[in-house]
Amino acid sequence: MSEVKTSQDWKYLLEVKDLHTTFSTDKGGEVHAVNGVSFALEPGKILGIVGESGSGKSVTAYSIMDILSENGGITGGQILYKGQDITKWDEKQMQSFRGKCCSIIFQDPMTSLNPVFTIGNQLMEAIMLHTDRNKAQAKARAIEMLELVGINEPEKRIKQYPYELSGGMRQRVMIAMALACEPDILIADEPTTALDVTIQAQILELMQDLQKKLGMAIIIVTHDLGVIASMCDEIIVMYGGRVCERGTADDIFYAPAHEYTKGLLRSIPSGSNMKERLIPIGGTPINMLDLPAGCAFCPRCDSAMKICLRELPPELQVGEHHMASCWLNVKNAKEGK
Amino acid sequence: MANSEYLLQVEHLKEYFPVRAGLAKTIHLKAVDDVSFAIRPGETLGLVGESGCGKTTVGRTLLQLYKPTAGRITFDGKVIYDSGEQYDENGQLKVDANGKPVMGKKVHVDMLPYRKEMQMVFQDPYSSLNPRMTVEDIIGEPLDVHKLCSNKKERHERVMELMELVGLNAEHAMRYPHEFSGGQRQRIGIARALAVNPKFIVCDEPVSALDVSIQAQVVNMFEDLQEKLGVAYLFIAHDLLVVHHISDRIAVMYLGKMMELADSDELNDNPIHPYTQSLLSAVPVPDPRTARASKRIVLEGDVPSPLHMPSGCPFRTRCRYATEQCAKAMPPFTDRGNGHYVACWNK
Chain A
0 MSEVKTSQDW
10 KYLLEVKDLH
20 TTFSTDKGGE
30 VHAVNGVSFA
40 LEPGKILGIV
50 GESGSGKSVT
60 AYSIMDILSE
70 NGGITGGQIL
80 YKGQDITKWD
90 EKQMQSFRGK
100 CCSIIFQDPM
110 TSLNPVFTIG
120 NQLMEAIMLH
130 TDRNKAQAKA
140 RAIEMLELVG
150 INEPEKRIKQ
160 YPYELSGGMR
170 QRVMIAMALA
180 CEPDILIADE
190 PTTALDVTIQ
200 AQILELMQDL
210 QKKLGMAIII
220 VTHDLGVIAS
230 MCDEIIVMYG
240 GRVCERGTAD
250 DIFYAPAHEY
260 TKGLLRSIPS
270 GSNMKERLIP
280 IGGTPINMLD
290 LPAGCAFCPR
300 CDSAMKICLR
310 ELPPELQVGE
320 HHMASCWLNV
330 KNAKEGK
Chain B
0 MANSEYLLQV
10 EHLKEYFPVR
20 AGLAKTIHLK
30 AVDDVSFAIR
40 PGETLGLVGE
50 SGCGKTTVGR
60 TLLQLYKPTA
70 GRITFDGKVI
80 YDSGEQYDEN
90 GQLKVDANGK
100 PVMGKKVHVD
110 MLPYRKEMQM
120 VFQDPYSSLN
130 PRMTVEDIIG
140 EPLDVHKLCS
150 NKKERHERVM
160 ELMELVGLNA
170 EHAMRYPHEF
180 SGGQRQRIGI
190 ARALAVNPKF
200 IVCDEPVSAL
210 DVSIQAQVVN
220 MFEDLQEKLG
230 VAYLFIAHDL
240 LVVHHISDRI
250 AVMYLGKMME
260 LADSDELNDN
270 PIHPYTQSLL
280 SAVPVPDPRT
290 ARASKRIVLE
300 GDVPSPLHMP
310 SGCPFRTRCR
320 YATEQCAKAM
330 PPFTDRGNGH
340 YVACWNK
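The listed protein sequences correspond, in order, to chains A and B.
Going by numbering that gives the first Met the number 0, the first residue of the first sequence is number 0, and it counts up by one from there.
Going by numbering that gives the first Met the number 0, the first residue of the second sequence is number 0, and it counts up by one from there.
None of these hints come from the bench; they were simulated from the model.
Keep in mind the model is a prediction, meaning the values are calculated, not measured.
Some hints here could point you the wrong way.
Distance condition first, Cα-Cα at most 25 Å in a straight line; then the derived SDA-like pairs of lysine to any residue [claimed, not checked]:
1. A:K274 / B:A37
2. B:K294 / A:D249
3. B:K294 / A:T247
4. B:K294 / A:T192
5. A:K274 / B:G41
6. A:K274 / B:G338
7. A:K158 / B:S304
Which residues of chain A face chain B? A partial, calculated answer using Cβ under 10 Å [stated by the list, open to error]:
8. G53
9. L194
10. I198
11. L203
12. Y253
13. R276
14. G282
The beta carbon of each residue, even a glycine, is placed where N, CA and C say it ideally should be.
Just chain A, same shape as in the assembly (with noise of 0.2 Å):
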């Protein structure tokens, strides 16, 4: 097992620069699903990634993970790894990053097990993998992870096969089985979309203990803005494979600089607007083969200039911890509102 070389000075966990995907299509075309996309992640944060379905967050993480399928690849940016650049990274490299450096839960607990396999037998591949552990050693591990995770009875359950396990218990499963070699950035892809409320708020009650516990850092792949608001410290918006605004959770959600985002938080039921009616976002989601020239939510948003149709809005700094990409705010800069 090569040992994972990481430069001396970093202050990122992982940095990710101008990041670039395409995906080839049948018809010759390409579609850009992440289009320049920069983040930082300091060790021991949670950062929430929120958009809508095609907004490219789901690819921001696949890259990462270099997981991304066949007919796509990064096309362009770094993506820095306590100082190293993992784009660079060999397949065994890369081999080595995942479960290691970082791991990812996907949405669906039911598909992202072996059906054929035990849940012990799965946790353990991980873990021998990954470290110098032994069948038996591996699998006191496993039970460990388990018990850690909150599953009763985990000498039991190694035996039993994912059909055997409810929703939730399979993403506890995942979770062990993700945390198993101590990454230290941990990926959730819509980690409870796929639950009921009582049983994500178990997970997510969860996430947040081991994160306490164990101290690693996690990135949130949602379009709930409820979970992204009691679980993140930062938040980054994204739409159209951009992203449009990053700030801390109360920059965005009480000082919302980009319209898209101010749009967004118009449209959702909360405790404040019960009894008036939803303000929607018009029109519908962009089309990810037919990307216009200048801002990607210019065709939906209802204060468009002339320069948003043109020109790609540059990020302004808003805040002191807050960017966002739109032209209004570069007007309102020079008018000196």
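For this one, chain A is given, so just place chain B on it according to the hints.
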């Protein structure tokens, strides 16, 4: 018994599905077990609960897409289904001296004329529209079935009118479902349900499959249509914030049984049943300050299998307040004032 205040009355509705549990053994899955509620004309009743609690089955049994196992359904003053069992004022089954239930008249009407009054909108806008039919034919089909249009021109005009009503471009009538986005398809499904001018629509998770920014468009449309046409909804969903927004009253189900029913604000501000309390506290609110301040009541464990239901109150295995009495009998569904119904021994 029929109360003219209500458009639809459901009393002691049961829906059991037989499940083979061995060569000669059949057990029953009690998907809906003794559920009663009523809907006023032009009202929205929200129905919430976790997956597998029987909320979709309630909707489908109402429309008799499934034949009910027992109970009585009254629509617009007419009994459309009655299995004959009699109940006294306290909701107890009337039995004769031998312990057999006293049977009244059985009713099972032909549903076709009632389909004109009661319609349904399905969850998945991708699988509930026939991919080989044009939008005009999809929306026009109920008009044909109920012979509501005398000629083609009339039918075409009615379809155009319906498409405009739900915010679809009437020029797209000759297109096929795959040419539309999820939100637009849901509008097609709604136009189809509205084609026959129903008084009541069962909306089974109509916004769950849609993107966040599209959900608001569809929720608004449901509210506008209700105002315009006075149609009543049974709005089934698992997203409690959406249900709270759209509903006048909300009913909470757990494992086939009704746990609580109240005005939607009352239910959200003052939930009485422990299950409702934990369900509401589990909803992640899109507001970081509220989320940081509030403590979730996290329920232990999973929903028990509906094939092996706990005795008495089905929620007792996960309930903080469970006592011996909860294991003995199902608590009655009683009015705690102002139409706030709760089924709990301890609260």
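Numbers of the earlier hints that this structure fails to satisfy, in rising order: Per hint list: zero violations.
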